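Undergrad: Sequence:
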Amino acid sequence: MGSVNKSSQKYLYWRKKVFNFSSTSSKSKSIRAGCMPSRWSRAAVTSRGPGSSRLELAVRGGSTISVRGDSKMAAQAHTSLDAKLELAVSEWLKWDKNPKTSNLVKQLVADGKIEELQSCFSSRMEFGTAGLRAAMGPGVSQMNDLTIIQTTQGFCRYLEKNIADLKERGVVIGYDARAHPSSGGSSKRFARLAATTFISQGIPVYLFSSITPTPFVPYTVSHLKLCAGIMVTASHNPKQDNGYKVYWENGAQIIPPHDKGIAESIEENLAPWPKAWDDNVIDGNSLLHDPFESINKDYFEEIQKYCFHRSINKDSKLKFVHTSVHGVGHEFVQSAFKAFSFSTPLAVPEQKDPDPEFPTVKYPNPEEGKGVLKLSFSLADKEGSNVILANDPDADRLAVAEKQESGEWKVFSGNELGALLGWWLFTCWKETNPEPEAVKSMYMLASTVSSKILRAIAVKEGFHFEETLTGFKWMGNRAYQLIEQGKSVQFAFEEAIGNLLPATFS
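Heads up, the sequence shown stops at 505 in numbering that gives the first Met the number 0, and the numbers go up one at a time, no gaps.
Don't read these hints as lab results, they were simulated from the structure.
Just so we're clear, the structure is a prediction, and the values are computed from it rather than from any experiment.
It is possible that some hints are incorrect.
Said to hold, decoys possible - With a straight-line cut-off of 25 Å between C-alpha atoms, the simulated BS3-like cross-links for lysine-lysine are:
hint, residue 1, residue 2
1, K313, K439
2, K337, K313
3, K337, K381
4, K274, K160
5, K274, K187
6, K316, K459
7, K304, K318
8, K304, K439
What the hints assert, rightly or not - Now the in silico label distances, taken between C-beta atoms and shown as ranges:
hint, residue 1, residue 2, range
9, E349, G461, 40 to 50 Å
10, S310, P98, 51 to 61 Å
11, P433, L468, 27 to 37 Å
All residues carry an ideal CB built from backbone N, CA and C; glycine is no exception.
Please construct the entire structure, taking both the sequences and the accompanying hints into account.
TA: Next up, the structure:
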């Protein structure tokens, strides 16, 4: 576009209402709202003297927004948006009631940041079998208050269509400790908005009152016989990300055709419902339940059924070091060790407490190996510990390292852990199920990308091994099918340091 001069006046057509806003840009010295009786929206850039221009966005309904600044900024803001992008931005500003994300979008418009706007609005996050995962920020391509509301509205309507007693049984919602101050987003905030959506439709919600590990959500679905579960987490992703995991009534993550059905339902329910933004309405509501205390109690009581050698554990002198990598795992791992009568592990102090900044690691993923475990190695060497355990931030993955006789640390691969855990669980299971016929109904699973060592053990010992497609959604759903058939599923694993244990299936 050519330079803006005193006589030039160019127009950009908009189709939706743009709300009044304030700017924090150093170039945007003042932003004000006026009135203009125009049917169609337009934006005009006019000169107000040397080096000074004004951008006016006149919108349907009579409002105008004037952005004053230098000529260069005004000219950039005047750069044409295509019709689809114009509609997406206008629609967003009409619906978004989070001042941080709405102001970020308004500032991008004022500054003419077309590429950034396209990045935010060109395509909606794709809802798949793993739910959603993306960076936190404004627009339909990112995780924020509005996209959480839209996603939950779609999921709610899909559940209403598919589960007749949804309003009797309800759903569970958990969250980790992630937060993104610049956009006002956090896992807890997203979880409360999701709960608000369901409660506004008369659906009971079991919302954890504090951070919780991801495995507690599917456990709660099964334990309380709920219709579905949502976990707000980005697991081991970088700090700017967040996610929205969905579990079906069997406690497993969704598989087709549910993913497609939910995605379509989201598109049909984009406009926020009347009470969508008022999360204060859920406080004290009879439909809101806090499962935190009861699930903690029941879970750690239930896993004790799989403690086979309590007296040995109690007398063990073995020292463990544990890191939660700034995630939610610390307190829950301490409780698990107590449930098995072990001495509690030494926690890496710099990484013990939840911190959404993950200050001591580049990537909070224990699958990265030694790079994530430096502080753990240091503490273990200092305290004379030979075993390190590391959870990812939402505590659904486990890395293990053992000190060798040479003094070097060996970090086990997911396949090695799967082999060790599978062998151990079968050995313990066989001690309590010595009948020759029992093994014929016992199963273990692994995904297609994982080691087939359990198959070799199964051939030798006589139990069944099955291979599934990649992902715990497939192993979880297959395990559920087998249990429905009266089979015993003792273990499943994937090479990405993830495991399903008997307590999960029950």
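Undergrad: Which of the numbered hints above does this structure break?
TA: Violated: hints 1, 6.
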